[in-house]
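Peer 1: Each chain is listed here by its residues.
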Amino acid sequence: MIRNLLLLVMGGGIFLSPVLFWIGVFTYIIFFEGTELLFIALVVDLLYVPAGLPVTTLCTALLILGTKPLRKEFLTYYS
Amino acid sequence: MTNWSPQNNTRLIVTLTVVSVILTVNAFSNHLVSRAVQRIFEPLSYTASIIARLSFGDYVSSRSALLEENQTLRERIAQLDQESRALPILREQYASLSRQLRLPLRDRELTAEVTSHILASPYGTFTINAGTETHPAFQIGDLVLSAEGFVVGTIAQKGATISTVRMALSPGEKHAAVINDTSVTVEGNGRAVGEAHAPREMKIHEGDMVLVPEFRFRPIGIVGSVSPDDSGASQDVLIRLPLSLTTLRYVSIVPR
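Heads up: the protein sequence lines correspond to chains V and D, in order.
For the first sequence, my numbering begins at 1 and goes up steadily by one.
For the second sequence, my numbering begins at 1001 and goes up steadily by one.
If you're looking for bench data, these hints aren't it; they were derived computationally from the structure.
All residues carry an ideal CB built from backbone N, CA and C; glycine is no exception.
It is possible that some hints are incorrect.
Facing chain V, according to a computed beta carbon distance under 8 angstroms, are these residues of chain D, among others [what the hints assert, rightly or not]: (1) Leu-1012; (2) Val-1033; (3) Ser-1045; (4) Leu-1119; (5) Ala-1156; (6) Gln-1157; (7) Asn-1189; (8) Arg-1191.
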């Protein structure tokens, strides 16, 4: 339920505000695996970048990969 | 919360590969995927822009703010009325001067509607409902102007019915500009704000127009504030667009 709600917030964030989008991304990555976020980030890049680096997708991928050890530790500690 | 497992890793690798392939195909197919996605998401984007305009613009206003806006609009109508009366004479003068200077007469400006919320993009871009099918005449690089004549941005990508506009003051954009006969380099900070540094002795005041030669000396904003920098050798100039981007609905496109 919360997971879907967060995805909805991020989906809305794409069209309203980058701040809303990134808040959703950070929250989602902390609590859930973030693979599906890559598709949302991809949509952001396809919608808004006319030419150049797809920064949103790259940042999201780096965030998912970079927080992986932290998340593993966090989940081991709390589960 | 979900635990990490080898399955998650495989999913992540597969997703990363798929995303990379889509981005590569898009880059090498002249943004074909991009245009398809824009077309699919246009209704959603348009609806969100209307919601944003309503929530930021119309409903969250006090009575006094509305009265003030009403007064400004009345004055604007009176001004437009005056201008419209003078238009035929000015058009004739323009045609006559163009003939004397042997300049080609400029085509009429094209008008387009903003279809995405301007502040939604992290890249300082927004979309308009103009493309090769609806407005075949305009080109990539053409200027996108607000009703007040300020350059909001330039056409960055052209689709069949939707085009992407890169804002003139989007992050990292640099323009050689002229403020009160002083040449400066304006760098965009995003959200319709930019900054420039000018020598201390130059007289720059709040409200001065910031004109860009490469945009045919059209303004990209006005001086919002001027303050001496830390060393005192120069002055920091803050530039802003004197219009609300959240409520901007129609723009015109003119050749560069």
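Peer 1: The structure should be examined with respect to each hint, and the outcome stated for every one.
Peer 2: Going through the hints against the structure:
Proximity of Leu-1012/D to chain V holds as hinted, the smallest CB-CB distance being about 5 angstroms (cut-off 8 angstroms). Taking 8 angstroms as the C-beta cut-off, the interface hint given for Val-1033/D holds, the closest approach to chain V being about 6 angstroms. The interface hint given for Ser-1045/D is met, as the beta carbon of that residue sits about 5 angstroms from the closest beta carbon of chain V, less than 8 angstroms. The interface hint given for Leu-1119/D holds, since its Cβ lies 6 angstroms from the closest Cβ of chain V, which is under the 8 angstroms cut-off.
Hint on Ala-1156/D holds. Least Cβ distance to chain V is approximately 4 angstroms, under the 8 angstroms limit. Hint on Gln-1157/D holds. Least Cβ distance to chain V is approximately 4 angstroms, under the 8 angstroms limit. A least Cβ separation of about 14 angstroms between Asn-1189/D and chain V goes past the 8 angstroms threshold, and the interface hint is therefore violated. With a cut of 8 angstroms, the hint placing Arg-1191/D at the interface with chain V is violated, because the nearest CB-to-CB distance is about 10 angstroms.
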